[in-house]
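**Student:** Below, each chain spelled out in residue letters.
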Amino acid sequence: MNDSLLDVRGLSKSFPGVRALSSVDFTVRRGEIHALMGENGAGKSTLIKVLTGVYERDAGGTKLAGREIFPNSPQEAEACGISTVYQEVNLIPDLSVAENICLGRQPTTFGKIRWGAIMQRAKEALARLELDLDPSRQLGSCSIAIQQMVALARAMDVSAKLLILDEPTSSLDEREVSELFKVIRKLRDDGLGIVFVTHFMDQVYSVTDHITVLRNGELVGEYLTAELPRLELVARMIGKDAKDVAAMENHDPGTHIIREDKPFLEIKNFGRKGSIAPLDLSIRPGEVVGLAGLLGSGRTETARIIFGVDKPDSGEMFLDGERVNISSPRDAIRRRLAFTAEDRKVDGIIPNLSIRENIVLALQASRGAWAKLSRAKQDELADKFIKALRVKTPGPEQLIKNLSGGNQQKVLLGRWLATEPRLIILDEPTRGIDVGAKAEIEKLISDLRREGLAILFISSELEEVVRTSQRVIILRDRKKVGELIGEAITEHAIMSQIAAPTAETKAVLHA
Amino acid sequence: MLSFSIILFWVVFAALLFFTRKLRIFWPLLALALLLLFNQLLTPGFFKLELREGHLYGTLIDILKHGGIVMLVALGMTLVIATGGVDLSVGAVIAVAGAVLAQAVAVHNLSPGVAMLIAVLVSVGLGAWNGLLVAGIGIQPIVATLILMVAGRGIAQLISEGQVINFTDPTLVFIANGYLFGLPFTCTLVLVLLALTYALTRGTALGLFIEAVGDNDVASRYAGVNSRFVKFTAYVFAGFCAGLAGLVAASEIKSADANHAGLYAELDAILAVVIGGTALTGGRFYLLGSIVGALLIQTLTTTMYARNVSADIAPVPKAIVVLAVCLLQSEKARRYLSKLFPRKNMATPAPKFEAAS
Amino acid sequence: MNRLNPKYIPSAATALVMIALYVLGCVLFPNFISLRVIVNLFGDNAFLGIAAVGATFVILSGGIDLSVGAVIAFIGIFIATTISSGVPPLVAILLALLVGTLFGAAQGSLIRFFDLPPFLVTLGGMFLMRGLAFVVRQESLAIKHSFYQQTIRGLSIQLAPRIAIPFTAICLIAVVLVATYVCVYTRFGRNVYAIGSSETSAFLMGVPVGGTKIGIYALAGFFSALAGCVSTFYMQSGNPASFVGLELDAIAAVVIGGTLLTGGVGFVAGTLMGVLILGLIQTLITFQGNLNTWWTKIAIGVLLLLFIVLQKTISGKGRT
Chain E
1 MNDSLLDVRG LSKSFPGVRA LSSVDFTVRR GEIHALMGEN GAGKSTLIKV
51 LTGVYERDAG GTKLAGREIF PNSPQEAEAC GISTVYQEVN LIPDLSVAEN
101 ICLGRQPTTF GKIRWGAIMQ RAKEALARLE LDLDPSRQLG SCSIAIQQMV
151 ALARAMDVSA KLLILDEPTS SLDEREVSEL FKVIRKLRDD GLGIVFVTHF
201 MDQVYSVTDH ITVLRNGELV GEYLTAELPR LELVARMIGK DAKDVAAMEN
251 HDPGTHIIRE DKPFLEIKNF GRKGSIAPLD LSIRPGEVVG LAGLLGSGRT
301 ETARIIFGVD KPDSGEMFLD GERVNISSPR DAIRRRLAFT AEDRKVDGII
351 PNLSIRENIV LALQASRGAW AKLSRAKQDE LADKFIKALR VKTPGPEQLI
401 KNLSGGNQQK VLLGRWLATE PRLIILDEPT RGIDVGAKAE IEKLISDLRR
451 EGLAILFISS ELEEVVRTSQ RVIILRDRKK VGELIGEAIT EHAIMSQIAA
501 PTAETKAVLH A
Chain C
1 MLSFSIILFW VVFAALLFFT RKLRIFWPLL ALALLLLFNQ LLTPGFFKLE
51 LREGHLYGTL IDILKHGGIV MLVALGMTLV IATGGVDLSV GAVIAVAGAV
101 LAQAVAVHNL SPGVAMLIAV LVSVGLGAWN GLLVAGIGIQ PIVATLILMV
151 AGRGIAQLIS EGQVINFTDP TLVFIANGYL FGLPFTCTLV LVLLALTYAL
201 TRGTALGLFI EAVGDNDVAS RYAGVNSRFV KFTAYVFAGF CAGLAGLVAA
251 SEIKSADANH AGLYAELDAI LAVVIGGTAL TGGRFYLLGS IVGALLIQTL
301 TTTMYARNVS ADIAPVPKAI VVLAVCLLQS EKARRYLSKL FPRKNMATPA
351 PKFEAAS
Chain B
1 MNRLNPKYIP SAATALVMIA LYVLGCVLFP NFISLRVIVN LFGDNAFLGI
51 AAVGATFVIL SGGIDLSVGA VIAFIGIFIA TTISSGVPPL VAILLALLVG
101 TLFGAAQGSL IRFFDLPPFL VTLGGMFLMR GLAFVVRQES LAIKHSFYQQ
151 TIRGLSIQLA PRIAIPFTAI CLIAVVLVAT YVCVYTRFGR NVYAIGSSET
201 SAFLMGVPVG GTKIGIYALA GFFSALAGCV STFYMQSGNP ASFVGLELDA
251 IAAVVIGGTL LTGGVGFVAG TLMGVLILGL IQTLITFQGN LNTWWTKIAI
301 GVLLLLFIVL QKTISGKGRT
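Chains as they are written, first to last, in the working numbering: chain E, 1 to 511; chain C, 1 to 357; chain B, 1 to 320.
Isolated chain E (complex conformation) (with noise of 0.2 Å):
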């Protein structure tokens, strides 16, 4: 108990109709890292809000180093020793990069700001994450990996006692958490205690010395991340027995079950510069091809191209064997091809309309402004699909803001449905959505192959890409490096090709 540095007991938060913490106990030790699981809505968000002063609690105690702490505000919370990078990098694009180390508590002579002490403390510490930067670049200049080191070169500035992770690496490629796991490593013999938060199991195991689980607002349990076998800890953060979770892990080969052998779609030397190196690339009805590689390999650009978000500049694309030119998602959809996009919330949803208007919204726009369809057809086809997607709420009429992760996932899934697509392009369908409506989608994807869709699917999680893909294309650096097909598709193999220049890329992330 002597080395606890945070110490939480029967905190409660709850918002007007929903618990959101009940009780919840939280301990982290010096020198420590500690994962916070959960699936969505299990109060990880609330109880992080909570202790860096967004949110105000109801009731139960916070001690940092054995003192009782109030925060109201981020700024507080710092004041007391907790420091937090944000999923989303939270700095200011439109500063530098030393300013946006030091903002808010600038050096400063009678109220003059001392920029020559900002750029010598922003070289500090980045030194201290071994970065090397000019801290005198425009922060929106730099990559996204560049600008979640800077927020943490940041949240180091001040002489944090606890830092908090929330989902750090969600952005990030595989070589960057590598090095931003080095940097927690180091931070973390330095004596701090870091808690992280994150949906991938991977680096949980990687990473963490232990891990606190919550579901539905209450404490689970805390557990010593060596001795919780994978399987136990899905069991616990959905609540359900490990027997379950296992029968998720099948894998779909389905090679047999493929129809025809001439592809619904087929790319040839398409490629677009600085986007993806020309490739070429086939999908045939009822068949699932995964898009593998890390994030910025090109995979989401891939996918770009062939919905004519962006232009190609090299290349043939078919489409049933005829040749055609796709200039915008509208010729596309017209073509009767469809894309859920990577950011559910900022591409997908329509945030205050129905989940009968988000469904409708693409068939009504393939038709026009001037052919809407009457309402009877849109509830009966936002009924449909809701009943198959499974969609949890209470009507059609619900505004799709108010549903959970996955059930917007569903809905978007039924808005292409609905334009009887014959490719669907699926960018991360199951990014930030919780385990159990994983599964579910992943089930949906197969029913879908096997009803005949042809479909693209692009996912981080190489286990995903394994269970549900025919075949796999890999690629790299923004160039196709690799092409798996049927039972010679494993995690290992990808892995391997993905991985193939660096080796230590994956025995930094398994250390």
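None of these hints come from the bench; they were simulated from the model. Only a predicted model underlies this, so the values are computations on that prediction, with no experimental measurement involved. Here a beta-carbon is modelled for each residue, glycine too, at the ideal position from N, C-alpha and C. One or more of the hints may lead you astray.
[What the hints assert, rightly or not] Pulled from the structure, derived: some chain B residues nowhere near chain C, Cβ distances all over 10 Å:
id, residue
1, 40
2, 117
3, 153
4, 163
5, 188
6, 189
7, 203
8, 262
9, 292
[Unchecked claim] Once the Cα atoms are required to be at most 25 Å apart in a straight line, the calculated DMTMM-like pairs of lysine to aspartate or glutamate come out as:
id, chain 1, residue 1, chain 2, residue 2
10, C, 332, B, 115
11, C, 332, E, 3
12, C, 339, E, 56
13, E, 186, E, 3
14, E, 123, E, 88
15, C, 22, E, 397
[As the list claims (entries may be wrong)] What follows is a set of in silico ranges between Cβ atoms, one per label pair, in the way DEER data are often shown:
id, chain 1, residue 1, chain 2, residue 2, range
16, B, 313, E, 310, 16 to 26 Å
17, B, 8, C, 166, 50 to 60 Å
18, C, 117, E, 331, 34 to 44 Å
19, C, 23, B, 144, 56 to 66 Å
Use these hints to put chains C and B onto chain E, whose structure you have.
**Tutor:** Frame of chain E, contents of chains C and B only:
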């Protein structure tokens, strides 16, 4: 004192309020009812109606008549705001339309029909210019329409060569001063435009597209909505509405005054739209709400005239309305209120709990 | 450093346009070269400039202030009335500055505490101030006080025989210097940029967003009130009906001066250049003599268009 018709009026209004109690339009309607009630009790003669030569006269009729310009402009503005934009140039467009109309009739001796057509077409053109800047080039709407707001009155003066041009053509004078079905002709004009707007947006899928684009532009484009076309259409339509309002404004004073025609019309129209329940950030829109909002603004102005308040001071109560509307629509303000009256906290929407994860 | 940072391009363009307009004037009209033209340019546009500096802060933070013109008119008639009722001018001016600052702070508080859109709040503020100006007095009122007739005039700096930098111009230059200092060397100033660039990030980084917002509008209110005071120095009177639409000129000057209307990028010095450009256009048209004043509006509109398209192309390239 209370005549039968006045009792009937209040009964109908009360019934209206009752049936709309769960709709967005309830609040502006209630505000209008309270303002009218205030006048009923404290402003003598406010509800007096006279029938002369088959035409109705009275303060209430004046509200309908003079509110015409803002109502017309507000319809177009509703669509623009729903796309997530705003059109600051409508006042300037009103001035241009008036100048074109007067110049065509008084200087070039064109027939009134042709003159009106040209004036409206020019306005549509100006709307298309705004649409081009916003939808074509992708300039922020406040900025894009600011250009025409600044330059528009200069253009109007250029057209009218800096003169106030008078005209006497009976057809043109009729627009704002004539009567149809016992009511001012502007009422018919507003109703026709309302019906047209309704048909344009709800009879087709354009309304859905407008709301989708206003709520999430990128997602709408990925879903195949032609977002540029939708926005462009909204600005063109706003130009069209401003053009019609320009005809009314010129007809009202039988001349074109480039400096004063439609002054503050854009602000009144935006206010009307927001009062009506359409959020400035775009998304869901409420056409009838905007009409009620425009009526509320005009009733306020007319109340002031009827109570002999100087026209110059009129902005003060208007400011109070702006403030009240803002506060009513602010979720935060409602939350403070529900803290004050804890029993009725059901009005507070549950926060997006899941989304926080 | 070998390539120009994109955020300086609009300001560089502004400087170019300003110089080009001045050279054009010098080529067309021989009298244009005189020092007097430059001095007058500063003096005549002083109150617009001061108001525009206030607007710069608001726009940098991603907001907008529509109340500027009405506040200046209100402060003008307020000072005129209080002085004529026997209040010492300095007291009246201090009172006016206080009123303006409090009014701005009130607007800022509404925006901060109720999450209201600045557009609507300051629209309400505009109506309120315009109406209140008429409540104070219905028509214009000349200020007859020795402080105005002699002291203010005596505060000018003599440059050459019969050419002096008027006190109004001195005020403008002082305001620009102070505002630049605030922008670059104070935490408040940096917070303004941070909020304009990304409000949520700024909040999570511990920037006191709420207080800063109130401060920004209070500062804008203060500058509007100061502009109102300077307008009384310039006009020697107050008029409740004056300066209608001045907020548009102020916003135009800020945009032409290179500040992004979305916030986060811009310079006070750019705003000064923007104001001088508007002034130069006015002067050119006055010198020309045959052109009507409406050309001013059209010219400003065209310049706005050019600069907005320029900003658009730069920011389009700078960000993905």
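**Student:** Confirm or reject each hint.
**Tutor:** A quick look at each hint next to the structure:
Look at residue 40 of chain B: its CB is around 23 Å from the nearest CB on chain C, clear of 10 Å, so calling it non-interface holds up. Chain C draws residue 117 of chain B into its interface by the beta-carbon criterion, the shortest separation being 5 Å against a cut-off of 10 Å. Distance check on residue 153 of chain B: its Cβ is at least 32 Å (rounded) from any Cβ of chain C, clearing the 10 Å threshold; non-interface status holds. The beta carbon of residue 163 of chain B is kept farther than 10 Å from every beta carbon of chain C, the shortest such distance being approximately 32 Å.
No Cβ of chain C comes within 10 Å of the Cβ of residue 188 of chain B; the nearest lies about 24 Å off, and the non-interface call holds. Every Cβ of chain C is farther than 10 Å from the Cβ of residue 189 of chain B; the closest lies at roughly 24 Å, confirming the non-interface assignment. The Cβ of residue 203 of chain B lies farther than 10 Å from every Cβ of chain C, with a closest approach of about 15 Å, so its non-interface assignment holds. Here residue 262 of chain B does not stay apart from chain C, with its beta-carbon only about 6 Å from theirs, under the 10 Å limit.
Some Cβ of chain C comes within 10 Å of the Cβ of residue 292 of chain B; the nearest lies about 6 Å off, and the non-interface call is violated. Restraint check for residue 332 of chain C and residue 115 of chain B: the C-alpha separation of about 7 Å stays at or below 25 Å, so the hint holds. Taken as a hint, the residue 332 of chain C and residue 3 of chain E pair is broken in the structure, with Cα atoms around 42 Å apart against an allowance of 25 Å. Only pairs whose Cα atoms come within 25 Å are accepted, and residue 339 of chain C paired with residue 56 of chain E is accepted, the gap being roughly 15 Å.
Annotation: proposed proximity of residue 186 of chain E to residue 3 of chain E holds, straight-line Cα distance about 18 Å (limit 25 Å). Of the pairs offered as hints, the one joining residue 123 of chain E and residue 88 of chain E holds, with about 24 Å between alpha carbons and a cut-off of 25 Å not exceeded. About 15 Å separates the Cα atoms of residue 22 of chain C and residue 397 of chain E, which keeps this hinted pair within 25 Å; it holds. Remark: the range hint 16 to 26 Å for residue 313 of chain B to residue 310 of chain E is upheld by a beta-carbon distance near 19 Å.
A beta carbon spacing of about 52 Å between residue 8 of chain B and residue 166 of chain C agrees with the range 50 to 60 Å that was offered as a hint. For the pair residue 117 of chain C and residue 331 of chain E, the beta carbons lie near 37 Å from each other, so the given range of 34 to 44 Å is met. For residue 23 of chain C and residue 144 of chain B, the hinted distance range of 56 to 66 Å is satisfied, since their beta carbons lie about 59 Å from each other.
Figure legend: structure checked against the earlier numbered hints; hints not met, in rising order: 2, 8, 9 and 11.
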